[in-house]
Structures are given as structure tokens and as C-alpha cells.
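Enquirer: For reference, the chains in residue letters:
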Amino acid sequence: MADEQPDPVIDVHDYEGVRVSCTRQRWTDRIEANHPELQQRASEVADAIQNPELVFEDRDYPNRKHHLVRTPDNPYGSLLATIVEYGYDTESGVTIGRIVTAFYKTRIRDDDTPLFISLSHS
Amino acid sequence: MVSALTPRFDIQGLKRLRFSYDAEFDLANIHIEAPQPASTIEVDDGWYLRLSDEAIVGMELHGLKRIFLSSTLFARVFTPSLDELRQHTGKTIDEDFTADGSAQELPHTSHLLLFMLGAAAMKLQARQLAETTDARAAMQLANLRSPEDRPHR
Chain H
38 MADEQPDPVI DVHDYEGVRV SCTRQRWTDR IEANHPELQQ RASEVADAIQ
88 NPELVFEDRD YPNRKHHLVR TPDNPYGSLL ATIVEYGYDT ESGVTIGRIV
138 TAFYKTRIRD DDTPLFISLS HS
Chain A
67 MVSALTPRFD IQGLKRLRFS YDAEFDLANI HIEAPQPAST IEVDDGWYLR
117 LSDEAIVGME LHGLKRIFLS STLFARVFTP SLDELRQHTG KTIDEDFTAD
167 GSAQELPHTS HLLLFMLGAA AMKLQARQLA ETTDARAAMQ LANLRSPEDR
217 PHR
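Chains as they are written, first to last, in my numbering: chain H, 38 to 159; chain A, 67 to 219.
Everything labelled a hint here was simulated from the structure, so no lab data went into it. Backbone N, C-alpha and C define an ideal beta-carbon position, used for all residues, glycine too. Don't take every hint at face value.
[What the hints assert, rightly or not] Just the calculated beta-carbon pair ranges, DEER-fashion:
hint: 1; chain 1: A; residue 1: E120; chain 2: H; residue 2: E94; range: 28 to 34 Å
hint: 2; chain 1: A; residue 1: A204; chain 2: H; residue 2: R107; range: 42 to 48 Å
hint: 3; chain 1: A; residue 1: R142; chain 2: H; residue 2: G54; range: 43 to 49 Å
hint: 4; chain 1: H; residue 1: S157; chain 2: A; residue 2: Q170; range: 52 to 58 Å
hint: 5; chain 1: A; residue 1: D200; chain 2: H; residue 2: D66; range: 24 to 30 Å
hint: 6; chain 1: H; residue 1: P112; chain 2: A; residue 2: K131; range: 29 to 35 Å
hint: 7; chain 1: H; residue 1: E94; chain 2: A; residue 2: K131; range: 20 to 26 Å
hint: 8; chain 1: H; residue 1: N88; chain 2: A; residue 2: L180; range: 37 to 43 Å
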């Protein structure tokens, strides 16, 4: 996980204080390249990790969480979802998060399990 | 009320595609033509459609190896395409790769994409139907309540 450290485009702490990062290379080559609507939106994704309105557990990966914020004026969806994978970092000896992907969507599934609901956004 | 979405896709219009695999997170992105700005809709666990003005422009699969290839059906469907992509890129799904080609250059992957889009569209329709049925059932249940049980306005 040491390769997450050089030149991170996102390096924040999530709603539980866990450090979450994304290298510039991953952001450009993976996330922006596959989701062009997220170009110039790294700060919005960072904010979704720091101050989510809702956090859901991933259905298949217990070590992944979906951080959601409302984006009412966005043409691609009223919600920004950022998926973070958490794991133990042997170098630092703590759990850290890495961004898997991010996208805009319009709906939340009825049977999603919320892990966190922000009261400050309501 | 749940609004139904009916994605559009021109089967005859598939000319080029791009298949991108992220080995670190076992994530596949398949784009029709090239990546486009789009909204994303979940059709099943880890299975997302990318839509631009309700036209399907791609698909994102989380857990290609861990989930999709562990199913006998999907393993059979994906194998010819993965063989083709290995020949095209020189890489396997143990590493990152991006394959960009025409439908003629990547025929098995084109067939895979069409199969997966059809399956995704059916899953989406089934989910929307279930949600609409749930919403109707909830409304009927609310209407069956006696007036004194209903909240005062």
C-alpha cells in the first residue's frame, strides 16, 4: 500500500477518522478515464468521503463502503457515490482506505444497509 | 411513485468497444465506443449500467473474477472473450489491461457485451417491476387502514 502515498490527489480522513487516499495516477487512469463526468471533481469526491450523508455497506465486499452525498444540480445524478476499500496497512500499522471507484447515480436501493446517516445534512 | 426507466441500446450500432480491467480491485469497465460522461444505475449487486440520456453507453462490473467468473454460467460466457482479450492485449486478468477495438476485431467481446447488456436490461426491468409492485402494495395497504388510523394533516 506504500504506492498510495506519492502525489495523492485525494488524501482525507473519512467520517470515522480513517485515512483514505487515491493517487493521481489512479484518479486519472482509472476513475476519470472510465467516468469522464468526474473530471475536475476530485474535491467533491474527497468531500463525500469526509462528510457523507449516507454510508452503505457493500453487498459483496465486507471491507468496502459506499459514501453518498446529495448532488441535486448534477445532470448525471442526484447522488455522488464513492466506494472505498479498507485494509490493514502493514507499513503504518493502521487501517487505511483506498478509493475503488466513484460515480453519480439517481437511486438508493430499498434494501441497502446504512452504516451511517448524517444528521447535520438533513 | 417509482418512475420506470427504459434504457435504449442500438444493437446494430455497436461498432467499437473498450474493455478495461482493474486487477487491484477486480473491476471491469466496458464502454460502447469510448468512455462518455454518464449516470450510473445499479441493476444487481456489483453490476452497473452507464446511461447517457437513457442510452446505454457502458457497464461496470465489480468482482469480475471473485463473483462473475465464480459462477458457471458467467465463466462460460466470459471465457471466449477473456481469451480474445488476452490475445489482443497480451495480458491476463491477473494484471491491469485496456483493450480497444472494433466489433470485428473483438467479436467474442462484442457478443459478451450484448449478452450482458440484455441480461442487465432484464434485471433492471424486473427490479423496477418489483419496486412498483411494492409501492402499489404499500398504497393499497395505506388505503385499507381505517380513517382514524391515518395521520391527521
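Enquirer: Tell me, which hint numbers fail for this structure?
Expert: Violated hints (numbers, rising): 2 and 5; every other hint is consistent with the structure.
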